[in-house]
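*Asks:* Single-letter residue listing:
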Amino acid sequence: MSLLPAPLAPVRPAFLTRVTPVARLTAGMTWLVAAIVTLDPAVPTRLVVAAVVALVLWSGLPLRRIPGRLAPLGLAILSLTVFSILLSGSNADRSIAALVELGPIRITGPAVSAGLAIGIRVVVIGLTTLLVFGPSDPTRLADSLVQQWHAPDRFAYGTLAALRVAPILAGDWAVISAARRLRGIQPRGAVGRTRDLGDRLLVMLVSSIRRAERLALAMDARGFDSGIRRTHFRELRVGWRDLLTVAVALAVAAAALVLPR
Amino acid sequence: MSTLSPSRPSAGPSESTRWRTVDIVVVAALAVAFGVVFWFWDVYVWPWASFLSSPGEYAISGVWLLPAVVAPLVVRKPGAAIFAEMVAAIVSVLLGNQWGLDVLLSGFVQGAGAELIFAFVLYRNFSWLVAALAGAGAGLGEALHDLPVYYSSFDVPYQVGIVVLDVLSAVTIAGVGGWLLVRAIRQTGALQAFPANE
Numbered sequence: 001m002s003l004l005p006a007p008l009a010p011v012r013p014a015f016l017t018r019v020t021p022v023a024r025l026t027a028g029m030t031w032l033v034a035a036i037v038t039l040d041p042a043v044p045t046r047l048v049v050a051a052v053v054a055l056v057l058w059s060g061l062p063l064r065r066i067p068g069r070l071a072p073l074g075l076a077i078l079s080l081t082v083f084s085i086l087l088s089g090s091n092a093d094r095s096i097a098a099l100v101e102l103g104p105i106r107i108t109g110p111a112v113s114a115g116l117a118i119g120i121r122v123v124v125i126g127l128t129t130l131l132v133f134g135p136s137d138p139t140r141l142a143d144s145l146v147q148q149w150h151a152p153d154r155f156a157y158g159t160l161a162a163l164r165v166a167p168i169l170a171g172d173w174a175v176i177s178a179a180r181r182l183r184g185i186q187p188r189g190a191v192g193r194t195r196d197l198g199d200r201l202l203v204m205l206v207s208s209i210r211r212a213e214r215l216a217l218a219m220d221a222r223g224f225d226s227g228i229r230r231t232h233f234r235e236l237r238v239g240w241r242d243l244l245t246v247a248v249a250l251a252v253a254a255a256a257l258v259l260p261r
Numbered sequence: 001m002s003t004l005s006p007s008r009p010s011a012g013p014s015e016s017t018r019w020r021t022v023d024i025v026v027v028a029a030l031a032v033a034f035g036v037v038f039w040f041w042d043v044y045v046w047p048w049a050s051f052l053s054s055p056g057e058y059a060i061s062g063v064w065l066l067p068a069v070v071a072p073l074v075v076r077k078p079g080a081a082i083f084a085e086m087v088a089a090i091v092s093v094l095l096g097n098q099w100g101l102d103v104l105l106s107g108f109v110q111g112a113g114a115e116l117i118f119a120f121v122l123y124r125n126f127s128w129l130v131a132a133l134a135g136a137g138a139g140l141g142e143a144l145h146d147l148p149v150y151y152s153s154f155d156v157p158y159q160v161g162i163v164v165l166d167v168l169s170a171v172t173i174a175g176v177g178g179w180l181l182v183r184a185i186r187q188t189g190a191l192q193a194f195p196a197n198e
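Read top to bottom, the protein sequences are chains B and L.
Just so you know, our numbering puts 107 at position 107 of the first sequence, and the rest follows in order with no gaps.
Just so you know, our numbering puts 63 at position 63 of the second sequence, and the rest follows in order with no gaps.
Read the hints as simulated data drawn from the structure, not as lab findings.
For glycine and all other residues, C-beta sits at the position ideal for the given N, C-alpha and C.
Honestly, I wouldn't trust all of these hints.
Claimed, not checked - These stretches of chain L come out as covered by chain B in the derived footprint (C-beta under 8 Å, 3 or more residues):
{"no.": "1", "segment": "91 to 98"}
{"no.": "2", "segment": "113 to 123"}
{"no.": "3", "segment": "126 to 136"}
{"no.": "4", "segment": "151 to 163"}
{"no.": "5", "segment": "175 to 185"}
Unchecked claim - Some chain L residues flagged as far from chain B (calculated, every beta-carbon gap over 10 Å):
{"no.": "6", "residue": "V74"}
{"no.": "7", "residue": "V109"}
{"no.": "8", "residue": "L140"}
{"no.": "9", "residue": "L144"}
{"no.": "10", "residue": "A193"}
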């Protein structure tokens, strides 16, 4: 039984699956920055179009699963857009003509435009994230961080080891809940339920710590901390695809920012 | 448990600042557990809180900052706050939340905010007061990121409101709450391998 969503993985070889993770990360960051630095809704809209094209053509991801994966964005975008428009500073500025005036509520053009820009910004971030993390798994990300950005290898692979435990946590949760029911613990009311949730979280953290301690002992027994210089089992090669990906992403980000409306 | 790596020559940094395997894996495991909690929180709790009360939801934003306080209190090593907060952030992205790539930025500034406080006391003081201040540091980092990225169009009083709620929540939930959480974990005897157990 798993409460966690299944990871999104590519179903066919594609251009981006052959680009190293840190190149995709660099490329994605240029779009993130481009979407953040402006309150003009045209910029993030252009990036959304570019991201959809890249997802369809070059990501190799199963397109039918993407809407479900992006579902958490829905409510977040709605509330961020609505409140950005309602609580905008330019609504109070009497020199700007109001689009809507309803009693105490006054909404201006700049408020709507900025609110839309922030809402669409979240869509850009969601789609770009799929392009960065979708085409390969965490193991390749760790390899790439160590070999290309010289991240400390013990930290990268130690984290990878801990990551393997994530799916077990859902099972832990079920066992903890069952054990508490068996002991006849029945929380009542909102306070009781919150306390109960906290107690179960504590047990889950304690069991993760104990498991991690055993894991570290096993890793040290195999010489994880031997101090001998580590070689790489899977060698990553930086190629023309990496350079092309970063260059194109940068060009698209620049074009999205400077093109006239 | 304290002699997990006895064979390593002591040429590197001193034992109190060097990360042993057990330090790395336990912090990563804690961060993974928090990352899973974050994912649930991001997808099922935060959007509703935000939809019903924006910007009042910042009163519960301290939950995101727990790893930045809990991890340094457990292993007492330089870098624990940033490492834990970043790993928790990446795990919540891998599971799929609404902020995606952007949490790499927010995770870093939140961790750095707490890290500065622990560095200021030279990683020697881990009292509830230092934990509360570290929580505040992480909260300020969070506000520093969230205001320009998500709330830049909000009127000034609302932006100030976000900062105030954010820091209060960070101090109570992440700071004092994190300190109490580590004390509770220590009482179970699970931290025998760490200096926090003195």
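*Asks:* Hints the structure violates: just list their numbers, smallest first.
*Replies:* 2, 3, 6, 10
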